[in-house]
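Peer 1: Mind docking chain P on chain Y? Use the hints.
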Amino acid sequence: MQAFAYASPTTLKEALALLADRWGVADILAGGTDLLNLLKDHIHTPQRVINIKGIKELGGIRKTDSGLRIGALVTVSELLASPEVRAEYPALIQAAEGIKSVQIRNMGTIGGDLCQRPHCWYFRQGFGLLAMKDGRSLVREGDNRYHAIFGNQGPACFVSASSFGPPLVALNARVKLVSAKGERELPVEKFFVTPQSESEREIALRPDEILTEILVPPAANVRNATYEVRQRETLDWPLVTASVALTMKGTAVASARVVLGHVAPTPWRATEAEKVLAGKGLSAAVIQKAAEAAVTGATPLSRNAYKVQLVRAAVRRALEAARPKA
Amino acid sequence: MRTFDGTAVERAGACAPPLSHLRRPFALLYFGTIAVRQSKEGALMSMIKKPPEPKTEPGAGVSRRGFIRDVSLGTGALGVALTPGEARAAAPALRGPGPVPVTLTINGKPHKLQLEPRVTLLDALRNYLDYTGAKRVCDRGTCGACTVLMDGKPVYACSILAIDAQGKNIQTIESLALSPQPDPLIRAFVNNDGLQCGFCTPGFVMAAKAFLAENPNPTMEQIKRAFGGNLCRCGSYNGIRRAILEAAKAAQGGKNA
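As given, the protein sequences belong to chains Y and P, one line each in that order.
Residue 294 in my numbering sits at position 294 of the first sequence; the count goes up by one each step and never skips.
Residue 146 in my numbering sits at position 146 of the second sequence; the count goes up by one each step and never skips.
Any given hint could turn out to be false.
Stated by the list, open to error - Only pairs whose alpha carbons sit at most 25 Å apart, straight line, appear in this in silico SDA-like list of lysine to any residue:
no. : chain 1 : residue 1 : chain 2 : residue 2
1   : P       : K224      : Y       : E78
2   : Y       : K100      : P       : K112
3   : Y       : K100      : P       : C138
4   : Y       : K176      : Y       : R22
5   : Y       : K176      : Y       : R69
6   : P       : K224      : Y       : R232
7   : P       : K109      : P       : R136
8   : P       : K168      : Y       : S82
9   : P       : K153      : Y       : P83
10  : Y       : K100      : P       : A93
11  : Y       : K176      : Y       : S82
12  : Y       : K53       : Y       : D208
13  : Y       : K275      : Y       : G250
14  : Y       : K100      : P       : M150
15  : Y       : K100      : P       : K224
16  : Y       : K289      : Y       : T299
17  : P       : K224      : Y       : P187
18  : P       : K153      : Y       : L80
19  : Y       : K280      : Y       : T299
20  : P       : K168      : Y       : S77
21  : P       : K112      : Y       : G54
22  : P       : K224      : P       : C197
23  : P       : K153      : P       : Q252
24  : Y       : K13       : P       : G167
25  : Y       : K53       : P       : P110
26  : Y       : K53       : P       : K168
27  : Y       : K53       : P       : A93
28  : Y       : K53       : P       : Q114
29  : Y       : K100      : P       : R241
30  : P       : K168      : Y       : E57
31  : Y       : K56       : P       : T105
32  : Y       : K249      : Y       : R223
33  : Y       : K275      : Y       : P187
34  : Y       : K190      : Y       : R206
Honestly, the hints are just simulated from the structure, not real lab data.
One chain only, chain Y, in its complex shape:
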């Protein structure tokens, strides 16, 4: 780990004053479960590390008229213990349960989950986010078994590692980003971006901003669920995940959002599946048709075509979990 200066501000203002207007100068430390690995591997070599855990206003879960406000510093354990989250947002609870290590749950935060760097092994070994060498993609020509099957036509082939990204996109949540100059809100869907060059990042956060909170709209009438297809029932990344949020009208689906995880550089909207579901009841035939539609446009790489079938299974099982009990 390269040496760095350290600060532990107690107010957001102090923390923002320590950030720089370009990447690489300052890193934000919250749970630390990803950042410390990046520092140890010299993937990040910041001049200073700003610990934001002392900033009280970034914690806590609060129910408001416009939905649930989840502070960026809320840990996975706190999320799992929250009756408000459990009552309306099973998709978030199921995503949290996919983080199988109690130690990570106690340390890792929801803001950190959204801001964590991809786990592409080329990136983590120092070949850069896009893993290009002499104009050729190491991912395309190398071992890409855990890489993207959607949105991989540009230079980026990694998959977004976020556990909460897909359910939050499905639930139409927004993030609040604050800098010294002001604050802005973005749909979580727009927070994740596909970088086109090595100087870009996979999230819309600017280097002088801090993600302060996540705003999830009320979901009393929204059936939602997350299903993860995993290789191991212990601490590991899922292979494919699917989060669904179905706005119901009686027993029929008025509108649907189907979002896939670990298949693209961002959480991936399966819009064809959403179209299949809109206006229909959740019969087995409709679910099967939606699962099939979810893989429309998949462009697997040399070693990850298996993920296409996992997408079908994940969507089907997420829809079955979200289906109102008869």
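Peer 2: Same frame as chain Y, but now just chain P:
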């Protein structure tokens, strides 16, 4: 002087980071060319404390951006230094990168140390305090061998900066050996062959300690699902699970034990 992995420095009176982590080419950037040629600790420290003045036109204002650009295009020796403007604005809050005073409360006992901010809690325990119970295996928050309790909750000591663990109550495996009677959990691990090589055991025992505090009467199924954060390469999982179940029953007053 004990050097371990580049995060360790001499204990007494020492300030200079060792050069052992120069195995990474990136480290050269940090130390800069001057530092590599003169590897004396004094020279290093003076450089870390006092970054070289930027080259500027006489009378020209030093803009923050311009300064960073100038220096990064220059010797690369800036390392962790801040621009004068930044340093002024941030001075009260920023500490390090050299050793700074850190107080850790381990098993109820306060320890005062001089640590660089980059030293992890695990390295502070093992390399500076001789609490070697927590093991350094993956050092990437995956294997669980470094599990300690922080304010009663299991965490990976390798993934926490020591400076960030100040004010927290850190409990290590050593705390279970303080009384003349070994902790019932340790006895249960021995009784049930809950280990082979034993390297993962301190982490498992601490994780089990926290688990049983929250689930005093667990089922085998719950135990199977609760330890996803700890790995045992010998594959002693069955023994470990039986040990945790036995410890839970023993704590219930021998009922069903």
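Peer 1: Taking the hints in turn, state whether each one holds.
Peer 2: Hints, verified against the model:
no.	hint	result
1	P:K224 - Y:E78	holds (22 Å)
2	Y:K100 - P:K112	violated (35 Å)
3	Y:K100 - P:C138	holds (17 Å)
4	Y:K176 - Y:R22	holds (20 Å)
5	Y:K176 - Y:R69	holds (10 Å)
6	P:K224 - Y:R232	holds (13 Å)
7	P:K109 - P:R136	holds (22 Å)
8	P:K168 - Y:S82	holds (24 Å)
9	P:K153 - Y:P83	holds (20 Å)
10	Y:K100 - P:A93	violated (36 Å)
11	Y:K176 - Y:S82	holds (21 Å)
12	Y:K53 - Y:D208	holds (17 Å)
13	Y:K275 - Y:G250	holds (18 Å)
14	Y:K100 - P:M150	holds (19 Å)
15	Y:K100 - P:K224	holds (12 Å)
16	Y:K289 - Y:T299	holds (20 Å)
17	P:K224 - Y:P187	violated (38 Å)
18	P:K153 - Y:L80	holds (15 Å)
19	Y:K280 - Y:T299	violated (28 Å)
20	P:K168 - Y:S77	holds (18 Å)
21	P:K112 - Y:G54	holds (21 Å)
22	P:K224 - P:C197	holds (21 Å)
23	P:K153 - P:Q252	holds (22 Å)
24	Y:K13 - P:G167	holds (23 Å)
25	Y:K53 - P:P110	holds (22 Å)
26	Y:K53 - P:K168	holds (13 Å)
27	Y:K53 - P:A93	holds (14 Å)
28	Y:K53 - P:Q114	holds (22 Å)
29	Y:K100 - P:R241	holds (17 Å)
30	P:K168 - Y:E57	holds (20 Å)
31	Y:K56 - P:T105	holds (23 Å)
32	Y:K249 - Y:R223	holds (11 Å)
33	Y:K275 - Y:P187	holds (21 Å)
34	Y:K190 - Y:R206	holds (13 Å)
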